[in-house]
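**Q** Sequence:
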Amino acid sequence: MLFQTDLNVIAPLSILLKRSSEMPVMLIVRPSARAGDDVRTCSQAGWRARVLSPVEIEPDEAALRDLGEQFSRSDAVFWVSPTVVETSAPYVDFSDDLKVQVAVGQASGRALERCGAKNVSVPKEGNDSEAVLRLPVWDTLPQGAHILIVRGRGGRDFLAESLKKKTLRWKSRKCISDDLMN
Numbered sequence: 001m002l003f004q005t006d007l008n009v010i011a012p013l014s015i016l017l018k019r020s021s022e023m024p025v026m027l028i029v030r031p032s033a034r035a036g037d038d039v040r041t042c043s044q045a046g047w048r049a050r051v052l053s054p055v056e057i058e059p060d061e062a063a064l065r066d067l068g069e070q071f072s073r074s075d076a077v078f079w080v081s082p083t084v085v086e087t088s089a090p091y092v093d094f095s096d097d098l099k100v101q102v103a104v105g106q107a108s109g110r111a112l113e114r115c116g117a118k119n120v121s122v123p124k125e126g127n128d129s130e131a132v133l134r135l136p137v138w139d140t141l142p143q144g145a146h147i148l149i150v151r152g153r154g155g156r157d158f159l160a161e162s163l164k165k166k167t168l169r170w171k172s173r174k175c176i177s178d179d180l181m182n
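Each residue of the sequence shown is one higher than the last, beginning at 1 in my numbering.
Hint data in this document are derived by calculation from the structure and do not stem from the laboratory.
Virtual Cβ for every residue (Gly too), placed ideally from N, Cα, C.
Take these hints with a grain of salt, some might be off.
Unchecked claim - Just the calculated beta-carbon pair ranges, DEER-fashion:
id, residue 1, residue 2, range
1, Pro142, Arg48, 48 to 56 Å
2, Gly126, Ser53, 24 to 32 Å
3, Arg50, Val137, 24 to 32 Å
4, Pro31, Lys118, 25 to 33 Å
5, Arg114, Pro59, 12 to 20 Å
Said to hold, decoys possible - With a cut-off of at most 20 Å between alpha-carbon atoms, the simulated SDA-like pairs for lysine to any residue come out as follows:
id, residue 1, residue 2
6, Lys124, Thr140
7, Lys118, Val100
8, Lys164, Leu133
Based on the sequences and whatever the hints tell you, model everything.
**A** Here's what the structure looks like:
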């Protein structure tokens, strides 16, 4: 009976997303600024894409004004997303090639490189805090090194607590807000 109930819920959605005379439709739920690659991928696969953006990303101007100073005092910087990189990059100076930049995933790493960062560490597998913590870069930092976590609202508490156990000092900086749309 559970299977039948699931079908009753899924059926109206599938009717909404696919009409028999049209290409299938993929519903992409992402901030509109991040949906472009997904829309292109769907198109290449023969699907039409519809973007639903229940969250809009907005810069936190007060936090961004202080970011440059915090960035310059850090031994390493952890970036949580491409959006955070793109929003924050104009406020920092990447000319210090020695400062370690750590990205949560490949897309964040590419965003850092596009913004001029040179010394970027990215997990080869995985795109979460656990994968980041397995990077050998943490073992190369001196005890008590200052780590800046550049993020949006909330998150990455596990990473921060794990860095503290490695006797690294961290500071978190919220640089974007993700406000739910009404």
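**Q** Would you mind marking each hint as holding or not holding in the structure?
**A** Right, here's what the structure says about each hint:
1. Pro142 <-> Arg48: 48 to 56 Å: holds (53 Å)
2. Gly126 <-> Ser53: 24 to 32 Å: holds (26 Å)
3. Arg50 <-> Val137: 24 to 32 Å: violated (40 Å)
4. Pro31 <-> Lys118: 25 to 33 Å: Check passed, 28 Å falls within 25 to 33 Å.
5. Arg114 <-> Pro59: 12 to 20 Å: Holds, at about 18 Å.
6. Lys124 <-> Thr140: holds (18 Å)
7. Lys118 <-> Val100: holds (9 Å)
8. Lys164 <-> Leu133: Holds, because 12 Å separates the two Cα atoms, which is no more than 20 Å.
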